[in-house]
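Read off the chains here:
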Amino acid sequence: MDRLIQTATNEQCFHCGEPVKINTYKLDEHLFCCLGCQHVYSLLNNHKLTDYYRYNQHPGKQVWTKNDDTYLTDPVIADSLLDFKDTQISIVTFYIPHIHCSSCIWLLEHLHQLEDAICSSRVDFLKKQVRIVYRHDTCTLYKLTTLLTRIGYAPHISFHDTENNTQTTQNKQNRLIGQIAVAGFCFGNAMMASFPEYFGMGNFEKQYATLFGWLNLAFALPCMGYSGREYFISSIKSLRRFRLNLDVPLALGIWILFVRSVVDIVQRTGPGFSDTLCGLVFFLLLGKWVQQKTYHHLSFERDYKSYFPVAVTKIIDGKESTVALADLHVGDRILIRNNEIVPADAILLKGDACIDFSFVTGESTPVSKVLGELVYAGGKQIEQAIELEVVKPVSQSYLTSLWNTEQNQERLERFSSFSHTVSRYFTPVLLTIALISTAVWAMLSFDDRAWGAFTSVLIIGCPCALALSSPFTLSAVLSIFDKHGLFLKNTLAVEKMAAINTLVFDKTGTISTIYTEGMTFTGDLTQTEQGYVYAVCRNSNHPQSREIARILNGAAVTNALLTAYEELPGAGIKAQINGVAIRVGNARFVGMTNIQHPSSGTHVQINGVFKGSFMVQQRWRNQLGTVIQHLEKEYFLHLLSGDTDKDRDALRKIFPEKTPLYFNQLPTDKWNYIRKCRRKGFRVAMFGDGLNDAAALKEADLGIAISDDVNNFSPACDGILSGEKFALLPSYLNLARQAMKVIRISFGISLAYNLVGLFFAVQGTMSPLFAAVLMPLSTVTIVTFTRVATLFCAYKNNL
Amino acid sequence: MSAIFFLIACSGLIALGFLAAFFWASKTGQHDDTYTPSIRILFEDEHHQGIEDNLTDQAKGHEE
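Residue numbers (the numbering used here), protein chains in the order written: chain Y, 1 to 799; chain C, 1 to 64.
It should be emphasised that the hints constitute simulated quantities derived from the structure, not laboratory data. Just so it is clear, CB atoms sit at the ideal spot from N, CA and C, and this is done for glycine as well. Honestly, I wouldn't trust all of these hints.
Simulated pairs of lysine to aspartate or glutamate, DMTMM-like, Cα-Cα distance not exceeding 20 Å [said to hold, decoys possible]:
| id | chain 1 | residue 1 | chain 2 | residue 2 |
| --- | --- | --- | --- | --- |
| 1 | Y | K369 | Y | E389 |
| 2 | Y | K725 | Y | D708 |
| 3 | Y | K725 | Y | D482 |
| 4 | Y | K128 | C | D32 |
| 5 | Y | K314 | Y | E340 |
| 6 | Y | K314 | Y | E387 |
| 7 | Y | K172 | C | E44 |
| 8 | Y | K127 | C | E44 |
| 9 | Y | K172 | C | D33 |
| 10 | Y | K48 | C | E44 |
| 11 | Y | K741 | C | E44 |
| 12 | Y | K293 | C | D32 |
| 13 | Y | K293 | C | D33 |
| 14 | Y | K288 | C | E44 |
| 15 | Y | K489 | C | E44 |
| 16 | C | K27 | Y | D83 |
| 17 | Y | K369 | Y | D352 |
| 18 | Y | K633 | Y | E657 |
| 19 | C | K27 | Y | E389 |
| 20 | Y | K574 | Y | D352 |
| 21 | Y | K128 | Y | D708 |
Sample of chain Y residues with no beta-carbon within 12 Å of chain C, all distances over it, derived [what the hints assert, rightly or not]:
| id | residue |
| --- | --- |
| 22 | D51 |
| 23 | D124 |
| 24 | K314 |
| 25 | M443 |
| 26 | Y635 |
| 27 | K653 |
| 28 | F760 |
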């Protein structure tokens, strides 16, 4: 194969950095790989935007064929995408996957130089979003997307964007930050007001003690009522369901702190515990914030809505018109062009359907459909335009039902996080100690002591450090994973990851890559002939043709005149170049009947002479063998593939003897299999890629989607693993398990603090100062310990 | 003696002022994107672009 790839020149395209094959495209002493890149450059140059190339080398992207988004001209659809609109200006936010460097930010924030109607634009780099303010009297949304596409920043618009629902999580986050701010404010000021008490007051200062006491109480009120209210709400909710979560002892602690403070201050028997109360709430909320901190650059909640287009072409009385997907009804006649997705289950009425279902079923070969046959939603048409009649609404199609299988049947949820397990025992034990010590003091008829002991035990036993050990450890793990290409949805996913004992793998796209660099050519082609084949295949959108074009990219010949080009669905392509007849396609198409495997491979025939065949070879992920060897020692492995069993022998060599390998699995089969495994008591992690695994990913205890481009669509799951980091899988699993050990140790440390505190608390003589010192001290110890220990474990695992 | 009451009131008010400022900043979205501004600040000011180009050219000249 190496023989085929021509030694490329060292020249790189000034715009996108791709190697330059032909020196045709040259402007201002800069070389370009294609006309598209040169166009972008000249456009930017004309608008004095060449600074774009100063901040980074080759910041651009090759401009591929533009998606058809004429539906944006429809005002109703366009308006549903807008954030804001008044009489003059409109504001829209686009998600642009290509945003990757400072040049991108610079260019996208200088859009006003390209188009006068744009007032301003602002990039959010981490979210890969640009927010554009424009005057809608001179510019339309369609014009905007066209402009962005022309400069290589095609926005990604999906059906999902038309429904705004990201607002609620953002509000929740803002609310938490507000609560932290208030708690911090109260904490600081309560400490200030408590200082005189800490250092001891002379007789003269004693007159201020009441003032400081009431001040403290004033700070404790908003801290408890506003910042800490979620703890009360959550604990009341869990008590109603006769469960004890960790919020119960926390809420109890906060409440007792407050009551004791009020009693002390009103009766002038002591300074109260307001500072401890505020500190407790502040630290607890910090822990909550750390746990909730999400990574904006990925979305785990994507469903079929983000996969589907916003609109579809409908045919009414022979005329084409664009309708929003939500307005598509049963019985509508729709037109699906090349490379468009069938949005609903429909019957083929006209045209040759050749549908790529790779995303839905995992089957890599496109499927041909005949007239009258049912086409499931989610397939991508890869030949000419077809006409279909919708038979099921979008929300009830086969693809959508993959997502909703779970809702119909009760999902087996057995997982309970470590802190939940602990909290079940924590509260009863704490209450018992408190009641015993109260009873003892009451029997000895020290009534003051009894009250003091009861409150002190509940205050000091408040599991603050315990509540923080999980969030701080798990979020540290999360950020380490994030740095190394595994993006988990939340901290609970780390705990689940530590608990699993069974791993189920999908094949295509999961343990094999989508890139088929193993495509080999057997036969003989001269340099010119390679160029011809390249010229022919370049024109087709068929996956095989694209792959061949990619491999022969170095062989481009100049002045190749392509005539009589014809693409026959399910067969191949024929064309003439400079009078030479070329046929590329399957065995029958090139007239070969005596080939050993007539169904596989793409064959080349030039001027009626068979020249050879391109064979696709499945390429396994990097170090797949080593990864499996590591994993088989500690986990039960399973393989479920939607593909045929053509790779069975190869997989047998990689996987150990006892691993069950299943082929020809439908999405529901996979889902059922996972379900059965879980019923038997296995804790299952599913690794999959496409939509066909969506149901299985959701059903598993832990569902991880493996993706070669993490910005691409991936179904709802617990985590997304970047394909190139597959080799690190054993390390990830190890780290997750070690993190749980760290949590247990830190739990031990916090218990030790609690026990020391309890020793004083049961005596009923604990001073507020003691509580005010012990509580932050234990918190700081836990936070430091968890972070250092987690980093150490990560280092040990080479992460 | 009343000085201390006055001072406590002052300190409380100032602290409340900062708290309000924080809420205002949060509400107007100043904490929404904390990363992009760090890149944005490195961009050169367009108005001085010509001058700076000259400067960099001169600097290059010196190096040579």
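Going through the hints against the structure:
no.: 1; hint: Y:K369 with Y:E389; result: holds (14 Å)
no.: 2; hint: Y:K725 with Y:D708; result: holds (9 Å)
no.: 3; hint: Y:K725 with Y:D482; result: holds (11 Å)
no.: 4; hint: Y:K128 with C:D32; result: holds (13 Å)
no.: 5; hint: Y:K314 with Y:E340; result: holds (13 Å)
no.: 6; hint: Y:K314 with Y:E387; result: holds (9 Å)
no.: 7; hint: Y:K172 with C:E44; result: violated (37 Å)
no.: 8; hint: Y:K127 with C:E44; result: violated (24 Å)
no.: 9; hint: Y:K172 with C:D33; result: holds (17 Å)
no.: 10; hint: Y:K48 with C:E44; result: holds (14 Å)
no.: 11; hint: Y:K741 with C:E44; result: violated (50 Å)
no.: 12; hint: Y:K293 with C:D32; result: holds (12 Å)
no.: 13; hint: Y:K293 with C:D33; result: holds (14 Å)
no.: 14; hint: Y:K288 with C:E44; result: violated (40 Å)
no.: 15; hint: Y:K489 with C:E44; result: violated (38 Å)
no.: 16; hint: C:K27 with Y:D83; result: holds (17 Å)
no.: 17; hint: Y:K369 with Y:D352; result: holds (7 Å)
no.: 18; hint: Y:K633 with Y:E657; result: holds (13 Å)
no.: 19; hint: C:K27 with Y:E389; result: violated (49 Å)
no.: 20; hint: Y:K574 with Y:D352; result: holds (17 Å)
no.: 21; hint: Y:K128 with Y:D708; result: holds (18 Å)
no.: 22; hint: D51; result: violated (7 Å)
no.: 23; hint: D124; result: violated (5 Å)
no.: 24; hint: K314; result: holds (39 Å)
no.: 25; hint: M443; result: holds (44 Å)
no.: 26; hint: Y635; result: holds (37 Å)
no.: 27; hint: K653; result: holds (46 Å)
no.: 28; hint: F760; result: holds (32 Å)
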